[in-house]
Structures are given as C-alpha cells and as structure tokens.
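Peer 1: Given only the sequences and the hints, what does the whole structure look like? Please build it.
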Amino acid sequence: MKGFFKNRAVIALLVTAAIILAMAVASVMFEGEASPLSNAVRVILTPFRTAASGISGFIRNTYTYFYEVEELKAENEALRVTIAEMEEKIRESEQALEENARLRELLDLSERRRDFKYVMAEIVSRYSSNWASTFTIGKGSMHGIEPFDCVINEQGFLVGYVSEVGTNWSIITTVIDTDIELGAMIARTRESAVAEGDFALMSEGKLKLTYLPEDTVLLNGDVIYTSGVGGVYPKGIRIGTVTKVQTDASGMGNYAIIEPAVDLDKLTQVFVITDFDISE
Amino acid sequence: MDRKAIKKWLLYSGLGLAAMLLQEHLFSRLRVFNVHPMLGGVLTSVVALFEGGTGGAVAGLFMGIMQDASVAGIEGFYSIVYMVCGMAAGMICEYMFRRSLLTAFLWSLIITSITTLLYFLLFFLFTGKAGISALWLTALPEILYSAFMTPIVYFPARFIAGSR
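Sequences listed follow chains G and S, in order.
Sequential numbering from 1 applies to the first sequence in the numbering used here.
Sequential numbering from 1001 applies to the second sequence in the numbering used here.
In case anyone wonders, no lab produced these hints; they're calculated from the structure.
It should be emphasised that the depicted structure is a prediction, and the values quoted were computed from it without experimental measurement.
Hints are supplied without guarantee of correctness; some may be wrong.
To be verified - Quick list of in silico lysine-lysine cross-link-like pairs, DSSO-like style, CA-CA up to 30 Å: (1) S:Lys1008 with G:Lys266; (2) G:Lys206 with G:Lys235; (3) G:Lys89 with G:Lys73; (4) S:Lys1007 with G:Lys235; (5) G:Lys117 with G:Lys73; (6) G:Lys206 with S:Lys1129; (7) G:Lys244 with S:Lys1129; (8) G:Lys235 with G:Lys89; (9) G:Lys73 with G:Lys235; (10) G:Lys244 with G:Lys117; (11) G:Lys244 with G:Lys73; (12) G:Lys244 with G:Lys206.
Claimed, not checked - Just so you have them, the derived chain S footprint on chain G, three or more residues with Cβ under 8 Å: (13) 118-132; (14) 140-154; (15) 231-238; (16) 271-277.
Claimed, not checked - Computed spacing ranges between beta-carbons, pair by pair: (17) S:Arg1098 with G:Ala249: 30 to 36 Å; (18) G:Asp277 with S:Phe1155: 29 to 35 Å; (19) S:Leu1026 with G:Ser93: 49 to 55 Å; (20) G:Ala187 with S:Ser1013: 47 to 53 Å; (21) S:Ile1132 with G:Thr64: 27 to 33 Å; (22) S:Leu1121 with G:Asn100: 52 to 58 Å; (23) G:Ile59 with S:Ala1005: 32 to 38 Å.
Glycine residues also receive a C-beta, built at the ideal position from the N, C-alpha and C atoms.
Peer 2: Written out as structure tokens, the structure is:
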C-alpha cells in the first residue's frame, strides 16, 4: 500500500484528477462553455459517433426494409392522406398569409418579425444518461451555434435548447428535461404560464405547465406555444398540447401535463435558431 | 511500458470506445423500465479485476472522461468517481478476489450503485429536481440493467488481458 502511492502512474492519475476537479469547478462557473479537455474529447468522439450513427441508421433501415414492408405500405398510405390534408392546410395558410399581408399593408404595419436564421444539424448520439433528456448534434461553434440557442424540428415545433457548445458538436437539452423552464402561452385563452420539465414526467416523454393564472380553465387538447418572455425562445413556437389537468401537491393550484408536439424518439435532424427578432 | 502492454491498453481503449458507442446507439433504444445500461462502471470494474489498482484507475478515468463528454452539466463527476472506484476495486481484487465473471458482476453492481446513487443524491435529490421515487423508478433499474451487461464486457476484456 505504501509503495502504491509512490508509484509514478498513481501520482499522474491524482494530478489528472485534480485537473478534472478544477475543470468541474470551472464548468459550474462558466455554464454553457465547454472546457478544453471536454471539447477535445468530444471533437475526437464526434466522427466516431457520426459513423456509428450512420451504421445504426443503415442497420435500422435494412431491418425496416425487409421486415416491415407491410407496415410501411400502410404507413405510406396514411402519410399520403396526411400530405393531402397538409397541402390543403398550406393552401389555406397561404390564403391567410396573403390576407394578413394585405391587412398589414392597409394598416401600414411593417413586418413585425423577420425570418429566423437556422443551422440544420444531424443528431449523432442520444440519451447518454438516464437522468437527463439530451442528445448531441454534429455542429457547434464553428457553425455559428451558441449556448441557449432555441432548437426546433422541420415542422417548427420546439425540441429544446442548446445547453453546451463545442467546436463541432453541441448538446441539446430537450423540452422534457428537468432543466427546462420557459414562458408559455395557452393558444385558446392567450394566458401566460410556465412550461417546465419534471423528472417523473420525463420518463413518460411529457412536461408540465405551471403557474397557471387563477380561474384558468384548461381543456384537453389545448395548444401551448412559447410566449417569448425572457428572449431565449422566439414567441409562437408550438410546445405541445394539454393532455391532463391535475391538482398540485399543496392542493392549492392546478398544473397541466403537456404532450410535446415533437416526437423526440423519432428525431434524426434538428434546426438550431441562431438569430431571431425578440417580440414579447 | 513494453510493446505488449501498449497493445493491450490500446485494445482496452478500443473496447471502452466500443462500449460507449454501443451504449449511445444500441442500448439507448433497448430500454428496460425506461432506462438503458451505463457501461462505464461495468468496464471500469472488469479492467480493475484484471489489471489491479492502477489499471482500474486508468480505465475509470478513461471511461469517466468519455461519459462526462456525453452529458451536459458539471464536468468531472464520472471521471473522478469511476477513477476512485476503479482504483479501490483493483486494489481489493489484487488481494481478495479471484478473477471470475461472478466477481466482475459483483464489482459492476458495486461501482454502478455508488455512481448512480451519488449522482441521484447530488444532482437530483439535494437540488429538488426529483423525489425519492426516482430511486426505484430510475436508479435501481439502471444499476441492475448495467450489472447484467457485465458478460458483454467481461469476455472481451478477459481476452485482452490474456488471463484464463
């Protein structure tokens, strides 16, 4: 035992542990910024993760092709119907947009919000811990991504936010993680509330809506959007729909359970909003 | 360090990387009771069993750095806990345990339990992010699922260590 601690390898390990401890303290102080060691490790790991992601995707696709053809046919049929419905909705939206633009012209209103600026990114690894809902994307600071950038899917539904950024990778904390807390708005009533992650609900893939105004009547299916309060998330991004209303532990107030609009398990790519106009 | 030892540790590194990628790309989809196994502690215990205190510490540090690199938050938790656990497990194994799958399973159970319980206490229970129910809803399944994954790491590691 005495000789063990004189061993040079052990001393080197203890020095390394001290450096890591210092970096742990630094990571608490500089939230969102990756330490040089962590950044270096992830820079090296990202190509491996990308390759593994590609291989697992290929295997999954092959499996799907050979064993789920019937299921795919049915799904294809359903998707055709969905596309038709969506095309109809797009036509309606285009008409509404045209009408909206005309009204704005009439009122001499300038555009209130310019287009978002996006960075598209592939998910290279996911669910590295059972205690958080996070995944890693293959783009980072060299692509213009910054900590706390908002992340959406291709339909414009909220996925989460960028919690840590490295050179060619970023960690995304999803909308159901316990670290999530954002201003929300109930579409039907235009009332504000707070959407936040809850550990028990995270395993069910849901989050909760708290700080509801007094006398608020929520209905199942109520759509919840971001309110834009705080300036981190743009206003009007769909978070999800209310599935249940419950009384909190104190028995004094209610909270709602929200099913996210985005299917996190099926996500393969996301869009990071790197710039937007703040409107609260 | 001779050429044979370098080759052995390169193979261990490859096994660690493979375990990490398996955890992220395969086991993340094979969830049981809503959890997937954490192979860092398992690999640390297996290498500690074959290589002793210093080897266990090195393996723990390596797996810890990779695990820390995969999760957002306070960096260094897994590096330090795995390293200390690997060192302790290796030192004890040098004197008290014979190298067998059962011993590896036992140490996987111990190291994963220590890591998971510490993580739960420090980052969830004490911060109020989760209640005590997370102990049996997440921590316990994670510990058991991880420990039962010992054979998939044990046999390649035994091959690398060259001990039968």
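Peer 1: Would you pick out the hints that fail for this structure and give their numbers low to high?
Peer 2: 1, 4, 5, 9, 10, 11, 14, 15, 16, 17, 18, 19 and 21
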